[in-house]
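Undergrad: What follows is each chain in one-letter form.
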Amino acid sequence: MSKVKQLKSVLSESEVRSLKVGDVVAVSGVVYTGRDMAHKRLCAAIDGKEALPFELEGAVIYFVGPSPARPGKVIGAAGPTTSSRMDAFSPKLVACGLRAMIGKGYRGDEVREALKKFGAVHLSTIGGAGALLSKHIVSAEVIAYEDLGTEAIRKLEFVDFPAVVAYDSHGGSIYGEK
Amino acid sequence: MRYIEFDKIVSSVESLCVSACYELSEDVLSALESAAKQESNPNAAEILKKLIENARIAKAERIPLCQDTGLAVVFVEQGTGAAVKLSDGQTLDDAINAGIEAGYEKEYLRKSVVKEPLKERKNTGTNTPAVIHHALTVGDKLKITVMAKGGGCENKSQFKMFKPTAAKVEIIDWVVDVVKQAGADACPPFVVGVGIGGDFELSCLLSKRALLRNIGVENNDEFYAGLEEELLSRINGLDIGPQGFGGDTTALACQVETTPCHIASLPVAVNIECHSHRHKSVII
Numbered sequence: 001m002s003k004v005k006q007l008k009s010v011l012s013e014s015e016v017r018s019l020k021v022g023d024v025v026a027v028s029g030v031v032y033t034g035r036d037m038a039h040k041r042l043c044a045a046i047d048g049k050e051a052l053p054f055e056l057e058g059a060v061i062y063f064v065g066p067s068p069a070r071p072g073k074v075i076g077a078a079g080p081t082t083s084s085r086m087d088a089f090s091p092k093l094v095a096c097g098l099r100a101m102i103g104k105g106y107r108g109d110e111v112r113e114a115l116k117k118f119g120a121v122h123l124s125t126i127g128g129a130g131a132l133l134s135k136h137i138v139s140a141e142v143i144a145y146e147d148l149g150t151e152a153i154r155k156l157e158f159v160d161f162p163a164v165v166a167y168d169s170h171g172g173s174i175y176g177e178k
Numbered sequence: 001m002r003y004i005e006f007d008k009i010v011s012s013v014e015s016l017c018v019s020a021c022y023e024l025s026e027d028v029l030s031a032l033e034s035a036a037k038q039e040s041n042p043n044a045a046e047i048l049k050k051l052i053e054n055a056r057i058a059k060a061e062r063i064p065l066c067q068d069t070g071l072a073v074v075f076v077e078q079g080t081g082a083a084v085k086l087s088d089g090q091t092l093d094d095a096i097n098a099g100i101e102a103g104y105e106k107e108y109l110r111k112s113v114v115k116e117p118l119k120e121r122k123n124t125g126t127n128t129p130a131v132i133h134h135a136l137t138v139g140d141k142l143k144i145t146v147m148a149k150g151g152g153c154e155n156k157s158q159f160k161m162f163k164p165t166a167a168k169v170e171i172i173d174w175v176v177d178v179v180k181q182a183g184a185d186a187c188p189p190f191v192v193g194v195g196i197g198g199d200f201e202l203s204c205l206l207s208k209r210a211l212l213r214n215i216g217v218e219n220n221d222e223f224y225a226g227l228e229e230e231l232l233s234r235i236n237g238l239d240i241g242p243q244g245f246g247g248d249t250t251a252l253a254c255q256v257e258t259t260p261c262h263i264a265s266l267p268v269a270v271n272i273e274c275h276s277h278r279h280k281s282v283i284i
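Residue numbers (the numbering used here), protein chains in the order written: chain A, 1 to 178; chain B, 1 to 284.
Honestly, I wouldn't trust all of these hints.
Unchecked claim - Restricting the straight-line Cα-Cα distance to at most 25 angstroms, the calculated cross-link-like pairs of lysine-lysine (BS3-like) are:
1) K37(B) / K59(B)
2) K37(B) / K49(B)
3) K50(B) / K8(A)
4) K135(A) / K111(B)
5) K122(B) / K40(A)
6) K155(A) / K122(B)
7) K119(B) / K40(A)
8) K115(B) / K40(A)
9) K111(B) / K155(A)
10) K280(B) / K59(B)
11) K5(A) / K49(B)
12) K40(A) / K111(B)
13) K73(A) / K111(B)
14) K180(B) / K178(A)
15) K135(A) / K50(B)
16) K20(A) / K50(B)
17) K50(B) / K73(A)
18) K3(A) / K49(B)
19) K59(B) / K135(A)
20) K106(B) / K135(A)
21) K135(A) / K49(B)
22) K5(A) / K116(A)
23) K5(A) / K50(B)
24) K73(A) / K59(B)
25) K50(B) / K3(A)
26) K73(A) / K106(B)
27) K5(A) / K117(A)
28) K8(B) / K280(B)
29) K8(A) / K92(A)
Hint data in this document are derived by calculation from the structure and do not stem from the laboratory.
This structure is a prediction, so every number in the text was calculated from the model and none was measured.
Make the full structure from the sequences, and use the hints.
TA: Below you can see the structure in the form of structure tokens.
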């Protein structure tokens, strides 16, 4: 864990394949938010062959439900939510081109298989550091599912958002077997 | 009888939830600071320092410590000589919920409560109703404690009925395993609340009540203080560490509360609390 690797979205498969467990990364560019309900709707849209609210190929999704922005600020606190709650949905999104997910904690076997098969990574950032992490988000705009409130899909712009590769596209996990 | 104004309860609860979500309590901050000094894994020590920095930013720049500003869990201890002035149809809970709603709305805290759990899960938009626990005590004071409890750690809490003949080590093994299962998912380092005794629901309530004790204050019974120490030592030997990336600091504290129980029973509950342990109290 030494040199910080710069990742700028949109991500290519080869870029993602070059990442290894334990790599420290700084993510910049467009990142979409999504947590439980948004994932359920995205997968239903894929199943129903409906248009998706954003292009999944090369995209990065951050599992977050931010707190409201104060006037003059772009966002409130914005740390990661538990990634494993998205395990039932992530493989389908990865199969459609999603290249990176940012969250906290463990991922299940099906997600890990999808990361290997299609070329994607899971990045871990610090759970409970929502104030500190929010400083790396320079714009935020709700683009879909506005009725979900904090769970709506937002288009964020990141600058050097800190994370670590927790699951890579070669079957590796920073947690060992888990 | 001493009477307390309805609005006094509203404004007190409002201040408690705001202060809880923006200002990490002194006991938690000190525990993080001493853990950062003692941590032998340099990577883990760095993460702990970032959590301390997060608390500094939250307070100085008025950004909540965590975006999950919690389900408001409120503990009320009401002296039998204290009463709240209420209009017809009002209860103390109305004042508490009004305070939560005001605090969450005015201070940009996230509303994380849905109206019912399965059918539509529509957000109430107010972060109410709070979960409120009442207890009667002696005296003429009213003590209110607000915990802003995050969903990620609450999800990892567990309950188990042991045989009444179970040995201490069986309980320790199980509690440690619950913490292991919580692992990286629940934002370590944790505060681990353990409730032993009572019945099905009381042991769970005790495990949460155990979290209200300030970190560093041990159980006043020598046996259970020893149990707390043994549990913490075992938990910190799991090498889960901050963010789950390894280290000596998997928990900042393990706090045990007990109560009498049936001869046939030995209920044990574990309430997992993240490092963003937001708890504030006031005595009115």
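Undergrad: Report the numbers of all earlier hints that the structure fails to satisfy, in ascending order.
TA: none
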